[in-house]
Amino acid sequence: MATDRIVGIDLGTTNSLVAFMQGETPVVIPGDDGLNLLPSVVALDANNQPVVGTAARNSLIETPERAVYSIKRLMGRGVEDIQEELKLFPFRLADDMQPGEVLRIKLGDKTFTPPEISALILRQLKRSAERFFGGPVTKAVITVPAYFNDAQRQATKDAGRIAGLDVLRLVNEPTAASLAYGLDKKQNGIVAVYDLGGGTFDISILKLHDGIFEVIATNGDTHLGGDDIDNLLITIALDDIRGDLGVDLRRNAEAVQAIRKAVIEAKIALSSQPSIKLDIELPGGQHYRREITRNQYEHLIQPVIDRTVGPCKQAMKDANLKPEQIDEVVLVGGSTRIPKVRALVKELFHREPHTGLNPDEVVALGAAVQANILGGGSEATENMLLLDVTPLSLGIEVAGGVTDKIILRNSTIPASATQFYTTQIDGQTNVAIHVLQGERELAKDCRSLARFDLKGIPPMAAGIPRVEVKFLIDANGILHVSAREQRSGKEAEIQVQPSYGLTDEQVEGMILDSFDNAEEDFRRRQLIEARAETATILTALEKGKKSAAWGQLTTDEKKQIAKMEKALAAVNAEEDYQAIRKAIDALNQGTMRLAELMMDTAVSTALKGKTMDETDLGEGPTAPHPMAKAEFE
Amino acid sequence: MRAAHFCESCGKVQPPVPVDYFSFFALPPKLNLDVAALEKSFYELSRRLHPDLNARAGSQEQEWSLEQSSLLNDAYRTLRDPIKRTEYLLHLEGVELEEQSKSATEQARATGAIKKQIVPPDLLEEVFELNMQLEDLRMSKKMGEDDSSLIAEIGKQKLSLEEKHEALIEELQAHWNTWDNLIDRGHAASEERAQVTGTMVDVLNRRNYIRNLVRDVNAALEN
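Protein chains in written order, with the working numbering: chain A, 15 to 647; chain B, 1474 to 1696.
Bear in mind the hints are in silico, worked out from the structure with no lab data behind them. Don't take each hint at face value.
Mimicking DMTMM-like on lysine to aspartate or glutamate, the simulated pairs with C-alpha atoms at most 20 Å apart in a straight line are [what the hints assert, rightly or not]: (1) Lys221(A) with Asp1554(B); (2) Lys484(A) with Asp1554(B); (3) Lys1557(B) with Asp418(A); (4) Lys1485(B) with Glu396(A); (5) Lys331(A) with Asp1554(B); (6) Lys419(A) with Glu1560(B); (7) Lys327(A) with Glu1695(B); (8) Lys572(A) with Glu556(A); (9) Lys1637(B) with Glu1598(B); (10) Lys1513(B) with Asp224(A); (11) Lys171(A) with Glu1536(B); (12) Lys419(A) with Glu1569(B).
Just chain A, with the same shape it has in the complex:
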């Protein structure tokens, strides 16, 4: 059973979740704060220990230079393609960053790559799941935006590995949502999933046919979401403040984060209220106040949400479908709560969208469904199979800097293509290949995935070698390349230089560096918890021995208890948490009568006229329990 414990994870821009298939239904596993959503925020505390989630989000305002959010925007990206992001987000790059290097983000005086930061979020979710199951969790399905390219997918997989997770599958977010949708709908037809989240937009059109979920077309924008709306509102506030008060707060990270928090709350409120009043206290005690009406707000965000129109039209064109041929449009992602977005979807697809799903949770639930399918399936997922596509065309650079497309976008994956290469010079033993992803004609306009060097080609006259290179996109949407020289039958060696990724060695190093290593860490935590419980039960026993009830036990019973007490003390000094738990259980059983007698004594004492107030209520539970400490302000 333990081997089949595969969880589904939605690693989101704003929030992340972990879910699991419980019997026939996928359920979200809450964190130790009892909440389903874990804010995708990471911070370092005063001792340089990483903190994830709500606590980290709070430190965004107090110690913004030690916290980071929306890290998903940086996954698999190079320094040259995040210039826009740097203007709008408080990402602080390491001072010694070299061009072409994997990004490194400063938190306090430490630096982390985006996969390492994502790994901290994943590890937190992993812990929640382990608490839920009471055992280690090492396998997961993680969702990614459908429009993520190879580098972004690879970075997500790396993050999983760093967190100690075997990532069995990367599933596209809208497709995952369709699995959760299809699980209870069980009907055939064409479904479009419109997924506007915190930082990414996807549109996927699927054909549902007797349990097969076949993606026909997908499109999107990996840098479009609620974040963009927040940034608009922040910019306006900063402009207002600069204009009216003459203070430029753009470099004041604390103030910017305070404004960000306020405008996010305003944005959410504007989905249900006709107007809101912003009231933000600025450094120096002055207040920034402004009223925003729904009308103004909708006018403001129109250009942002209009950017979803192009991808939707392209997807319908690629699927060769008219809006009327689509049976249902499913809304996913927190930003689809905005009434103006819903209106836009209605206009685009000529129908009311389906809003019956929880837009924050459905992706994680779908990931749990896919995890269940990979784990061998169950009655609920029997016959379910996902056939996804590659969102972007794969090409290679040919003479003249032109892209030669070899696998077209929207091809069902796994997909492959074979190309033949030869040499230009006598005795040449290397051939360089440049792999690209994108739709543009020129190589320079596409995304560079990797440069390969085919090495070890046997020296022959120019044009004689015939090197067969096979490009294969696997079910995760990740590219694999293999090569063989056909005349000699020799496998050509491939040297990969991922354009924006970590090398295997780097990932290995990060796994070793990470403070948490799956089994060992889980064992250690269990041991601490078991020992705490031993302390509790032994204290209770000491108390029992002093009570009147102790005298009512037989000599034999007392002997038996003493024996078990000794046994528990002995295993408690060892490292085996399971043995400790067993001894605790045994002692619990053995002291059952003592507990009953004590209870009777307490009741009779109460009957003797004492009020509850005078009865010793003790100090409350000291054993570990799933609730975190309450917060007071």
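Fit chain B to the known structure of chain A by using the hints.
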């Protein structure tokens, strides 16, 4: 043929054998094809070959499942589309389409020559005129002039091109029948095969030429 994808006794995925796309689906190399039946077998085979359903198998089987299902997807994608199917059959017959062949494109680029574009002779005049109009359209757009009459004229041309495209597809389908008859008859002489494939190449080249023109027109009208 199909049984070869799986072990006959245990049903497990087997390593892929190099076969052509038609054989992968246990189909004869014919061009008239029941797409609904093809989809049905695609779904059936997906349910057995897809990596998701072999995720718990041994690593060797997982490898085969990945290769087999990519082959299945490649084959289905090619065969379900009438043009791709025809081009693939021509490729099997050893014929390369001039306009599209990569070697021709690369060669042209390498030598700096302009790629040979076979303009169908009966279209020469029309193409010449259309290109002039498209150029005028680009100019007037740049100058911000009113070009509604020009757009209407180009729209008419586009309609006529689309009709030609339709006619060519019908013509192609007639050649499919000839080809399929050859296959049904069994041992067809290589001259006979070459004659049919030759005509199909000609039709496809004309069709591709017109399709590119329509694409250019659409691009000019949209911008």
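Does aspartate 1554(B) lie within 20 Å of lysine 484(A) when you go C-alpha to C-alpha? Judged against 20 Å, a Cα distance of about 23 Å means the pair is violated.
With a cut-off of 20 Å on the C-alpha distance, tell me whether lysine 221(A) and aspartate 1554(B) pass. holds, 18 Å
Taken at face value, is the distance from the CA of glutamate 1695(B) to the CA of lysine 327(A) at most 20 Å? holds, 14 Å
Need the status of pair lysine 1557(B), aspartate 418(A): alpha-carbon distance at most 20 Å? Distance of about 17 Å is within 20 Å: holds.
Taking only the CA atoms, is the gap from lysine 572(A) to glutamate 556(A) under or equal to 20 Å? Satisfied, since the Cα-Cα distance of roughly 13 Å is no more than 20 Å.
Within 20 Å, alpha carbon to alpha carbon, are lysine 1513(B) and aspartate 224(A)? The hint holds at about 11 Å.
Hint check: lysine 171(A) vs glutamate 1536(B), CA-CA at most 20 Å. Holds or violated? holds, 19 Å
Mind checking the alpha carbons of lysine 331(A) and aspartate 1554(B) for me, to see if they're no more than 20 Å apart? holds, 16 Å
Between lysine 419(A) and glutamate 1560(B), is the straight-line Cα distance small enough, at 20 Å or below? holds, 17 Å
Please verify whether lysine 419(A) and glutamate 1569(B) have alpha carbons no more than 20 Å apart. Roughly 18 Å between the alpha carbons, so the hint for lysine 419(A) and glutamate 1569(B) holds.
Lysine 1637(B) and glutamate 1598(B) were given as a pair; does the straight-line alpha-carbon distance stay at or below 20 Å? Roughly 15 Å between the alpha carbons, so the hint for lysine 1637(B) and glutamate 1598(B) holds.
With a cut-off of 20 Å on the C-alpha distance, tell me whether lysine 1485(B) and glutamate 396(A) pass. Roughly 18 Å between the alpha carbons, so the hint for lysine 1485(B) and glutamate 396(A) holds.
The structure is inconsistent with hint 2 alone, although it conforms to all the rest.
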